[in-house]
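*Asks:* Below, each chain spelled out in residue letters.
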Amino acid sequence: MTATPAGTTETTGTTGTTGFTSDELMEVNAARALADATTCFVGIGLPSTAANLARATVNPGLVLIYESGTIGSKPTRLPLSIGDGELAETADAVVPVPEMFNYWLQGGRIDVGFLGAAQVDRHANINTTVVDRGPDKPEGRLPGAGGAPEIASNCGKVLMVLRHSTRNFVERLDFVTTLGHGGGPGDRKKLGMPGAGPTAVITDLGILRPDPATAELVLTEVHPDVTVERVRAATGWELTVADTVGTTEPPTPQELAALRALKAAGKPAKETR
Amino acid sequence: MTATPAGTTETTGTTGTTGFTSDELMEVNAARALADATTCFVGIGLPSTAANLARATVNPGLVLIYESGTIGSKPTRLPLSIGDGELAETADAVVPVPEMFNYWLQGGRIDVGFLGAAQVDRHANINTTVVDRGPDKPEGRLPGAGGAPEIASNCGKVLMVLRHSTRNFVERLDFVTTLGHGGGPGDRKKLGMPGAGPTAVITDLGILRPDPATAELVLTEVHPDVTVERVRAATGWELTVADTVGTTEPPTPQELAALRALKAAGKPAKETR
Amino acid sequence: MAPCEIDTTLVSTLSIPTLGVTMADIRSLEDAVADLVHDGDTVAMEGFTHLIPYAAAHEVIRQGITDLTLVRMTPDVIYDQLIGAGLVRKLVFSWGGNPGVGSLHRFRDAVENGWPRPLELDEHSHAGMANRYVAGASKLPFAVLRGYRGSDIPTRTDTVSTVVCPFTGEELAAVAALNPDVTVIHAQRADRAGNVQMWGLTGVQKEAALAADRVLVTVEEIVEELTPRPGGIVLPTWVIDAVSVVPGGAHPSYATGYSTRDNDFYQAWDPIARDREAFSTWIEDNVRNSEGALTR
Amino acid sequence: MAPCEIDTTLVSTLSIPTLGVTMADIRSLEDAVADLVHDGDTVAMEGFTHLIPYAAAHEVIRQGITDLTLVRMTPDVIYDQLIGAGLVRKLVFSWGGNPGVGSLHRFRDAVENGWPRPLELDEHSHAGMANRYVAGASKLPFAVLRGYRGSDIPTRTDTVSTVVCPFTGEELAAVAALNPDVTVIHAQRADRAGNVQMWGLTGVQKEAALAADRVLVTVEEIVEELTPRPGGIVLPTWVIDAVSVVPGGAHPSYATGYSTRDNDFYQAWDPIARDREAFSTWIEDNVRNSEGALTR
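Chains as they are written, first to last, in the working numbering: chain H, 272 to 544; chain P, 272 to 544; chain C, 28 to 323; chain X, 28 to 323.
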């Protein structure tokens with residue numbers, strides 16, 4: 272399997288001189304974050320890309336769990352929705368949706384929850400409900416909560432993946448759909464949330480992790496060719512930066528090949544054949 | 272199919288001059304009580320005999336529901352337990368036990384609940400938990416509630432079948448496992464019980480039905496060759512008798528043949544073949 | 028003692044009618060929708076990407092059944108169409124989008140701009156919605172979950188509250204039961220008695236059906252016998268009101284074993300739904316004036 | 028900018044261990060029981076007539092694991108044996124009998140006469156017990172049902188209480204969650220990774236397993252692949268601690284597809300269990316000094 276030229280992929284983001292896009296950097300690093308995970312509750316979109324890439328690269332044994340009821344799905348292409356037929360056909364078990372949320376998620380059976388977000392704040396709280404578009408405009412409508420509030424509460428830990436911009440990384444959420452770390456350390460415990468909450472936010476610019484002392488997201492790594500200044504500028508709050516900021520390893524040819532193969536296979540049948 | 276001589280059946284009770292036992296009278300009349308039923312939640316033992324006989328005679332379309340999770344079982348022999356393999360193999364659907372109790376029984380989906388009892392009182396309340404054996408003796412232990420409290424509460428109506436004796440038909444229950452009509456009319460409604468409660472108690476001597484004015488069991492029918500006095504003597508409370516007491520129709524040859532065939536087929540394999 | 032008459036007065040006053048359990052009728056979709064879905068009803072058309080009852084929804088649009096409260100965990104294009112057609116007063120849901128594509132533009136236009144009419148929302152998380160159906164199917168007034176903690180969602184709905192565990196003192200979320208007037212689902216097949224069988228991702232369809240007063244099922248085909256299938260569930264005929272045979276009735280969604288998801292349609296929907304006029308034309312051409320949408 | 032080291036202090040302090048999800052070990056029944064079942068444990072051995080884990084219970088008897096709290100909706104002969112063997116301190120149940128035969132004489136003797144030791148009871152209805160397992164599997168402290176109304180049962184247990192619906196004001200029964208230390212079940216088969224598959228009447232086995240801290244499954248056989256079966260459920264290896272291969276391990280209960288119920292044994296049990304000495308001799312001969320009970 273050889274890597275498809277970057278230009279033919281569907282990803283957005285600029286292709287660097289190194290032959291991969293910023294989206295691919297995000298996706299590859301999101302997959303790497305699952306290297307040690309055992310079971311992963313997978314949101315659709317970027318989290319699903321990351322989780323499937325992890326299975327194809329760093330963690331072939333990763334158990335993928337989708338809210339449509341599939342446990343242990345092994346799709347060969349990127350599912351286009353959380354109800355894709357292949358998720359059921361390749362699963363170890365398919366369970367009713369209420370059972371998934373009650374016995375498996377609330378039951379504390381899931382190691383990692385992987386979420387996207389429309390807005391995130393410095394404590395990794397998430398908004399996917401509505402956005403304020405100014406005094407004279409109606410609230411902008413987002414899709415809503417889906418499984419996120421209980422995924423973030425009940426999974427052992429939470430990973431997040433989203434593109435970095437001041438539109439997404441905001442000083443103050445317009446609506447708290449899903450609690451990350453609330454207002455700071457201890458808030459989750461106070462609310463009786465079993466899981467540890469968000470441990471990393473992977474973006475197309477780098478990786479943020481909560482400082483255990485403040486539960487505030489701190490820039491710990493940037494992707495190759497990304498400056499700390501650029502990340503600061505794309506963040507809607509005064510971004511705290513780690514004393515030493517690392518640089519993520521560039522995607523390996525194997526990672527890129529696997530990612531592009533997954534995406535190519537995930538296109539609608541009529542386009543690929 | 273011809274009737275097996277009564278003496279070869281396993282039933283207890285005396286065989287009358289008419290060639291059937293008092294147990295067979297009870298079983299045949301219990302089956303007849305299901306003539307109009309659509310769905311029946313079936314307890315094991317006598318209720319199961321009655322419900323299977325009903326399917327073989329007066330109500331071939333009767334949907335049998337067992338608490339082990341089977342819906343629409345069509346056994347060809349009397350199941351020896353509520354978990355008999357044939358119940359699942361012949362069912363329209365097999366569901367988990369919690370679903371059976373929550374969606375189907377509590378969900379108000381079942382027309383008739385058919386129960387046995389160790390003790391019953393004049394208001395058709397049931398004890399299957401413990402019996403008082405006197406001041407110097409320990410409480411006698413019975414099997415316990417099983418599904419009965421919620422079957423009696425949630426089914427559209429309840430039928431009961433048990434042998435008639437002062438040991439079973441008591442002035443005062445030693446323990447109320449399952450509410451029938453409580454202390455009288457209105458008690459069920461006060462407790463928020465959806466179903467109408469017991470509508471008939473079929474015994475080896477006759478049939479008792481609650482008077483709507485008092486919710487007290489009244490003798491409305493005796494079986495052939497049974498006198499009202501005999502029923503009074505076998506009842507532990509001052510039995511009220513209807514102004515006109517009917518006599519049940521004797522079992523037809525078809526009913527007897529079907530009942531005996533079911534029982535013969537229900538014996539353990541080693542004994543029958 | 029010869030058989031003689033019994034006290035019929037006593038017996039008859041005690042005669043309790045049966046539950047009125049009836050078998051499902053197998054009938055045309057047009058008749059079934061007209062009979063079972065009424066103006067002002069609360070209607071759940073469930074399906075987690077799989078087995079979404081598009082054909083039945085299109086029949087609702089053709090018949091102009093309106094003022095509906097629509098219920099669904101994952102309202103997608105089918106609800107976008109009903110909302111855009113002006114038939115929906117309120118939406119009860121947990122995630123509304125065009126899966127794998129983007130926003131539901133008709134849904135957004137109704138919420139943000141009130142076009143073609145304002146859309147009231149009752150909004151939950153998936154866990155909450157799933158448990159609301161469970162409570163509904165169980166004929167309980169509410170369900171309990173460890174949910175909504177730290178979320179603003181409870182500020183926008185009156186169907187989330189709290190209960191305290193009588194054993195541990197823990198405060199938990201309570202969600203009100205969902206009991207739709209009608210639940211509409213699509214399934215793979217039924218037998219002639221109206222027993223329905225479905226397999227693959229079956230989502231919350233069983234709960235949605237058992238929670239409802241009336242149930243309409245469209246199926247790919249009628250078969251002589253419902254042979255057991257891995258992952259198959261059977262809804263007996265006596266919990267269903269009508270079965271209508273509509274092959275391809277889930278298109279552009281899919282029916283495992285019969286069809287695959289028409290991902291192209293979901294992508295094509297985006298530009299149609301972005302524009303009010305394009306949308307209205309599409310509905311006229313493909314739904315109101317045609318049953319072609321069923322056989323696309 | 029070349030890749031350089033990251034702030035490992037920060038990253039490592041943030042590193043959250045995984046849940047400790049591990050695959051099931053496939054091991055001998057003797058080792059599995061010794062490892063997973065301890066004196067004083069609360070143990071659920073479930074099965075609604077079907078798939079009752081007799082062999083595992085006999086291994087518990089052989090190892091003399093004692094002071095157990097046994098949990099089961101329908102304790103039958105297997106629990107009669109454990110109780111008669113003097114290993115049980117408390118029984119949590121809803122119906123105790125020898126199905127189709129009669130009483131459990133060892134259970135009665137323990138309750139009525141304290142032989143060989145007193146037996147404490149926590150007694151429920153089936154609906155209550157099923158919901159207690161559901162709460163346990165859901166990691167909720169309690170479950171809600173419309174149950175126990177007018178019954179004396181709540182006077183004899185401290186695990187039934189009430190809650191009031193915050194939406195309707197209706198008072199409903201609350202039952203405390205059941206979370207056994209160990210759940211032991213028998214299933215038809217497992218694959219080499221320890222994924223377990225069972226079909227037929229599967230009762231409350233899934234709930235009992237998911238409610239427990241530890242899970243031991245005996246199976247009829249190990250297969251290369253768990254091909255999907257109608258009515259089949261799969262418990263993934265990562266919710267199971269140990270799988271032991273014990274063909275016939277449900278005898279005298281049965282395993283659909285492998286064996287039929289030995290009704291003769293259930294009938295033969297009645298006279299054995301009626302007599303303390305006959306019982307003790309039977310246990311010595313068939314369980315303590317023999318593994319023959321497994322292959323009878």
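A couple of the hints might just be wrong.
To be verified - With a straight-line Cα cutoff of 27 Å, these simulated DSSO-like cross-link-like pairs (lysine-lysine) come out: (1) X:K117 / P:K408; (2) C:K166 / X:K166; (3) X:K117 / X:K166.
It is worth saying that the hints were derived from the structure and are not from the lab.
*Asks:* Hint by hint, which ones does the structure fall short of?
*Replies:* none
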